[in-house]
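Following the hints, complete the assembly by docking chain B onto the known chain A.
If you read the protein sequences in the order shown, they are chains A and B. Counting with numbering that gives the first Met the number 0, you get residues 0 to 399 for the letters of the first sequence. Counting with numbering that gives the first Met the number 0, you get residues 0 to 285 for the letters of the second sequence.
Some hints here could point you the wrong way.
Distance ranges between label pairs, derived from CB positions [as the list claims (entries may be wrong)]:
hint, chain 1, residue 1, chain 2, residue 2, range
1, B, Leu64, A, Ile380, 39 to 47 Å
2, B, Ile110, A, Ser341, 34 to 42 Å
3, B, Pro123, A, Glu298, 20 to 28 Å
4, A, Pro206, B, Pro122, 43 to 51 Å
5, B, Arg83, A, Gly273, 48 to 56 Å
To be clear about the criterion: a stretch of chain B counts as covered by chain A if any three or more of its residues have a C-beta under 8 Å from a C-beta of chain A, and this derived list gives those stretches [said to hold, decoys possible]:
hint, region
6, 5–15
7, 113–121
8, 234–241
Honestly, the hints are just simulated from the structure, not real lab data. In this text, all values refer to a predicted model and were calculated from it rather than measured experimentally. We put the beta carbon where it would ideally sit given N, CA and C, even for glycine.
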Amino acid sequence: MRRRDFLQVAVAGGLTAGLGVPAYLRRAWAQTPIKIGMPAALSGSYAQYGIQAKRAAELFSKDIKAKGILGRPVEFIYEDTGGDPAAAVRKAQKLVEKDGVKFLTGVALSSEALAVSAKCPEWKVIFMSTINGAGALTAKAFHRYFFRVNTSGPMGARAISLYLAEGPMKRFFALGSDYAWGRDSVASFTQQITAAKKDIVGTDYPPVGTKDFASYIAKIRQSKADGVYLALPGQDATIYLKQAHQFGLNREVKPIMEILELENMKAVGDAMVGAIGSSRYPFTVDTPRNKDFVKRFYEMHNVYPDMFDGETYEGLEWLAQVIQKAGTDDVEKVIDTWEDSSYEGLEGPFLMRKCDHQAVQLGFAVEAVKDPKYPHPIPKILATYPGDKVTPKCRSEDFS
Amino acid sequence: MANLAEQLLNALTLAGLLFLVSAGLSLVFGILRVVNFAHGVFYMLGAYLGFTTVAVTGWFWPALLIVPPVVGALGALVESSTLRFIYRRPPIYQLLLTFGLALILEESLRIVYGPTAKGVEPPPSLQGALSLGSLLYPRYRLFVVGLSLAVAVAVWLFLRKTRAGLVIRAVAQNSEMADCLGADVARVRTLVFGAACALAGLGGVAAAPMTTAYLGMGIGVIVDAFVVVVIGGLGSIGGSVAGSLVVGAAQTWGAFYLPETAMVIMYAVMGAILIFRPWGLFGEEE
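This is chain A alone, in the form it adopts within the complex (with noise of 0.2 Å):
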């Protein structure tokens, strides 16, 4: 081989590279059930958001069995998407249009969920989003078959800005990864931590996918913060927070987490602890219900349930309960039937905003802490904001 079909050859393997991964089918059953699809990501770099739908939906399936809905079976039809929005749209389409769902939900990321739910009207089906952070969705690219039951992103930085605004840390240096999400987590909190008086001292937006967080750090420690707000994606939080402890930042900057996950938690141990951040859904929530729910859902998993997989959770559940009232699984009924509807989550009440399908909901602001009960340390509550003060105005991502 040359030199020159090493980087013929190095061009197309690098655009192969961005090709997803076969997907698979589950059994269909023989009488005519309520369809769920779910273009997930289960496989490639976001795996970890899919696979908690996923794991919702097995649980959900399980404990809705016996009765179904309508007295009809429920069928989940998982397809992977390995995170790409082209192959996001595909697999949709090929749930709407070949295998007839009228519903889909499990979209992973917010770029997914973008392309997705943009072909909904056309298609005629709902998406009910219930990991999808992008503020867009609910404001800008709202639609009337487009539903957000989960805590959204500008939802996440309003519930710790409260906490931020009446703390005693004043200076803010804010990282957030090169792509939608980061950035808008990152203009969000700006704007409301400068209303609450309080200094950003610099500002970085490093390329997803960073390995090395060194230069970063270094600068981030120059600055003089008292906190750092970290808008990265599961594993370059991750990372971030490993190398940040060995350089012994954590110590002098408090990390400020846009949602503090469990996957960062496992993965970084005890080093994560003194983290504070958002929460869409702290597992560790104390009412009957999601006690229920943890317990069930840990012994279904042998896991502790992480963010999306309290959220998607509720999603179905609450689905399940609108399809039932409205005596139909038509689309156009289960909307109007949904729209202003009112339902008792994991964590607390829940209601869907007519306007804009955003799901008013309690806002979180935990901390990561030790608990000899668990592997791992735990997201502790540090305070809970009513629905009204984290949910923005209607179809919009501002809050005043």
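Using the frame of chain A, we list chain B on its own:
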């Protein structure tokens, strides 16, 4: 001053890790004329096996000794059972094979270890930071710099000063002639492929305490390693050292001084070098 020293050490650490990965990639290309897309997955495998070894033995050091030979043996097995049969085919076959292997290995690791990243603690003696004048620097990073330097010297001495190294260089230069002169080319290829995988495995073990072992770390590192190899020149160990230093410096200094261009700067440097030396810094003109 402390700041400059810190940036220099940061660049050296990253260069060290990149060298451990790219040296094998370059070696395999030099001897086998194969672009091994699965190379990054062997790096990832090293990190995961390192995690397992630390979890089982409770120590970090055994991982550093046990994992590279295990990964190397697996690499040799892969070469002798698959790659061997398609050397004479067009390069696209080798690409498909190694890329397929990468996918299979990565998904196997996901099935075995699950989607959660696995944290590895550095050994107690390398935890925390060392005070160098006014600079605080993590001990483990200094160790990575030292380790990769030692490996670079060892590989260079082996290739230049031993008989086996001589045979390897002969096969690299002209495999048919080496075959005629009595060198067992098939065996050299298997051993070199295995040794390259062992180096990648060592890199993975060394990286795990800094980055954790995670799915996707193989794909992430292979792109950088290709850039290193293109800059340094294919099939040259000296080139891997030089390329690693260039890429390490471009990435860390770029992120520090010109953060908005952090993504581009590495490729800009590569482009500039290719304009003036299309065969890379240490490569030979074809």
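Do the hints match the structure? See the list:
1. At about 45 Å, the beta-carbon gap between leucine 64 of chain B and isoleucine 380 of chain A stays in the expected band of 39 to 47 Å.
2. Take isoleucine 110 of chain B and serine 341 of chain A: their Cβ atoms lie about 41 Å apart, and the range 34 to 42 Å holds.
3. Between proline 123 of chain B and glutamate 298 of chain A the Cβ separation comes to about 37 Å, which falls outside the hinted range of 20 to 28 Å.
4. Proline 206 of chain A and proline 122 of chain B have their C-beta atoms about 31 Å apart, which leaves the hinted 43 to 51 Å range violated.
5. For the hinted restraint 48 to 56 Å between arginine 83 of chain B and glycine 273 of chain A, the CB-CB distance of approximately 53 Å keeps it satisfied.
6. With a cut-off of 8 Å between beta carbons, the region 5–15 of chain B has 5 residues touching chain A; three or more are needed, and the interface restraint holds.
7. With a threshold of 8 Å between beta carbons, the proposed coverage of the region 113–121 of chain B by chain A holds, since 7 of its residues qualify and at least three are required.
8. Coverage of the region 234–241 of chain B by chain A is violated [criterion: at least 3 residues with CB-CB distance below 8 Å; count 0].
Violation of the numbered hints given earlier is confined to hints 3, 4, 8; the remaining hints are satisfied by the structure.
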